[in-house]
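J.: Using the sequences and the accompanying hints, generate a full structural model.
Line by line, the protein sequences give chains C and D. The first sequence begins at 0 in numbering that gives the first Met the number 0 and counts up one residue at a time. The second sequence begins at 0 in numbering that gives the first Met the number 0 and counts up one residue at a time.
Hints may contain errors.
The list treats identical chains as one, so a pair stands whether inside a single copy or across any two.
[As the list claims (entries may be wrong)] Below, a list of computed lysine to aspartate or glutamate pairs in the DMTMM-like style, where the Cα atoms sit at most 20 Å apart: (1) Lys-170 x Asp-325; (2) Lys-170 x Glu-152; (3) Lys-70 x Glu-190; (4) Lys-59 x Asp-136; (5) Lys-170 x Asp-183; (6) Lys-37 x Glu-268; (7) Lys-393 x Glu-351; (8) Lys-340 x Asp-165; (9) Lys-59 x Glu-133.
Worth flagging that the hints you see were computed from the coordinates, not collected in a lab. In this text the structure is predicted, and so the values were computed from the model without any measurement.
There are 2 protein chains.
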Amino acid sequence: MDNPYVSMWQELGLDLAAHDALLNVLGKTYTDFFLTQKNRPDGMGYFDFVMSEVHGLRIKELLDEKSAGRKIIGSYCVFVPEEIVLAANATLVGLCSGADFAMEAVERLLPRNTCALIKSSFGFKLGKVCPYLESADMVVGENTCDGKKKAYETLGSLVNNLYVMDLPQVKSEQGRVLLRAEYDRFKTTLEALTGVAVTAESLKTTIRTVNAKRAAIHRLSSLRKADPAPISGMDALLANQVFFYDNPERFTTSVNKICDELERRIAEEKGVFPAKTPRVLISGCPQAVPNWKLPYIVETSGAVIVGEESCVGERGTRNLTEETGDTVEAMMEAVVDRYFKVDCAIFTPNPERTAHIEEMAKDYNADGVIHYGLQFCQPYLMESFPVERALEEKNIPTLRIETDYGMEDVGQLKTRIEAFIEQLR
Amino acid sequence: MDNPYVSMWQELGLDLAAHDALLNVLGKTYTDFFLTQKNRPDGMGYFDFVMSEVHGLRIKELLDEKSAGRKIIGSYCVFVPEEIVLAANATLVGLCSGADFAMEAVERLLPRNTCALIKSSFGFKLGKVCPYLESADMVVGENTCDGKKKAYETLGSLVNNLYVMDLPQVKSEQGRVLLRAEYDRFKTTLEALTGVAVTAESLKTTIRTVNAKRAAIHRLSSLRKADPAPISGMDALLANQVFFYDNPERFTTSVNKICDELERRIAEEKGVFPAKTPRVLISGCPQAVPNWKLPYIVETSGAVIVGEESCVGERGTRNLTEETGDTVEAMMEAVVDRYFKVDCAIFTPNPERTAHIEEMAKDYNADGVIHYGLQFCQPYLMESFPVERALEEKNIPTLRIETDYGMEDVGQLKTRIEAFIEQLR
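T.: See the structure below:
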């Protein structure tokens, strides 16, 4: 599959041998994890294609956009407002951070006790295997957790044009003022980069574009309330992952097409697993491509995943931006309102998140919740303790898991997860 | 030593048996670590007395202050402005967080991968062994690192009257606005608690009181520039630790008295170790009582510690508050200016800290720097990598250490530290 794109990767400065090795592992894992699933919706063919071309056609599209004068913005976080990026004539892409790479080089720059997501973002850079990162005209970091915040200080010397966005830690009046000021500064920076001013017209359009994408993925999520579930958690997660990479309009169309199919399935009571299969909600840290370890274990252990309370999932997509504003000022306020609702564990206190997990567990008829924490991710690991207490008080069985991108703990995880699922029957 | 205070501890709700065990270990460690040192300044007798009465007489004093209508404010961080606390007719004390206690209970509330300092603050509460915490009318938490920020959400349900102060992460205009707003809110909260309004007169006085304390400890620090060093790093650290507990005026007087003695020693070229003993600067995480592990290893391995670039040390004390203001408004601005300079690793970027380490290494004629990182303390561990690179570029040998409060790694640490000191000769 790499033939037509070799010169493109070479021009991007990728390490071709390492990149080949990565694509081989990615392809094999994808085949083993996704294509072996039974009763998949036909519409997933789109995502199979997207994944087979994730470092190929999609990169070519981005480079074509660049040739046409558009800028590519890379991001590691749902706090980077896509509405503003698009309105400034740029494209936003999520950057690779879902697999261990070049760990020896990474640990010369970062403490060993750093979460896998952050290490991975460094590994893809140091190993020269992320064509998204190498295509980006600007990379946006953000002061969410300590790990990322401090790691960006070092990443700045590795990547071209790193821009760091400050974020509040408290949802106070001051916190909102900071977010607004930072989104204004971001808009100005983008405008300077692209040479294109954000106008009321462009922002109105892009708010609608991003909302449509969110509405589509939310429609997909809602259909998972059915029993039997019309789509696996693996496939739904994949759609949520591709959300960060794909062309927005095409993504929206493709997801809505799958939703049409899922609605027919629901009418026919056709599912990916039998009715009454134990239903699990995953809550916690983001699961970036190709970090499919947990859902694969869960769905090969007798349960179906019915939702992701996660940045790659509901946290990133559930809130829409209000579309009623007519001036840039009014729409910027709406954008800030929307992102200020994100219930990331970096906020203190963060009761909205616990409330939302309970709400999701109820709405999606989950029998239990697996809290997924990346090792050394302090915000989510810390929050997992009160979350577990709150859920158990509502008689929602909860399993707290702490893991990384390695495969050493798969056996142990499977044992714990099987026991947990057994308890849900 | 516990006899006269048993009923006091009982009334505070301490677990007497556990508290006795703690005091026994503390007393023995103090004897072994401090009283065995040679050539100590006579003035250290004051601190020996303070430490022998740290849970006794000092607590009685605080309780007497309470009886007289004063409030006691507990704190875990140098960002809590003592000037304002004192001006509102309250006393500020640092809270116990330097030893492992009740770890099993702690790990039911916090992730195992939490730094020792945070675990310890929970352990002292859960084990009911911190009379400072139990005496406090209000405990102030602060949004510094993720670990503390998120842990306070749980600590709030354990301690009486936890107040959380938000802090900026960037030294931007917005960051300063936030700090000012938070200090105003803190002042208002204190005034409501004590029933005493902060006035221009009281704030002017307390700014001077706290500055005098800082100037005294800074005078002590400066005297450590001499070779031979007139005071050990152990004893200087102890003075820096007592800074957080003692009556401010008495502390200032006692430290200045020691300084008089040290000046005589320097004139006589009398030191605690021979001249030309390798000189080490410690930089990094705070060392709270009774966390004397690192300096004990260093100073029993052939080196003398000449400075602490740490919250318990220069970071907490080096900047004075400007004394020229005549209105509460002007003085609050001066207080904010002062604290906004603190070069804590929670800030991003934080170049002032690296510059200050280099400056200290030069001013104190340090032959090398040991970067002390508490395991799982992401801000300081992350920052230790660029700090090490910067120091080594200036040909300042640097050793990065990552440890906790346990004694399991003492042998290994000693081996590494001895090898490092050998390299400095």
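J.: Does each hint hold? Answer for all of them.
T.: Results of checking the hints against the structure:
1. Lys-170 x Asp-325: neither (26 Å within a copy, 34 Å between copies)
2. Lys-170 x Glu-152: Close across copies (14 Å), not inside one copy (25 Å); limit 20 Å.
3. Lys-70 x Glu-190: within (10 Å within a copy, 53 Å between copies)
4. Lys-59 x Asp-136: within (15 Å within a copy, 63 Å between copies)
5. Lys-170 x Asp-183: The answer is both: 18 Å in one copy and 18 Å across copies each meet 20 Å.
6. Lys-37 x Glu-268: within (15 Å within a copy, 84 Å between copies)
7. Lys-393 x Glu-351: For Lys-393 and Glu-351, only the intra-copy Cα distance (16 Å) is at most 20 Å; the inter-copy one is 49 Å.
8. Lys-340 x Asp-165: both (16 Å within a copy, 19 Å between copies)
9. Lys-59 x Glu-133: within (12 Å within a copy, 64 Å between copies)
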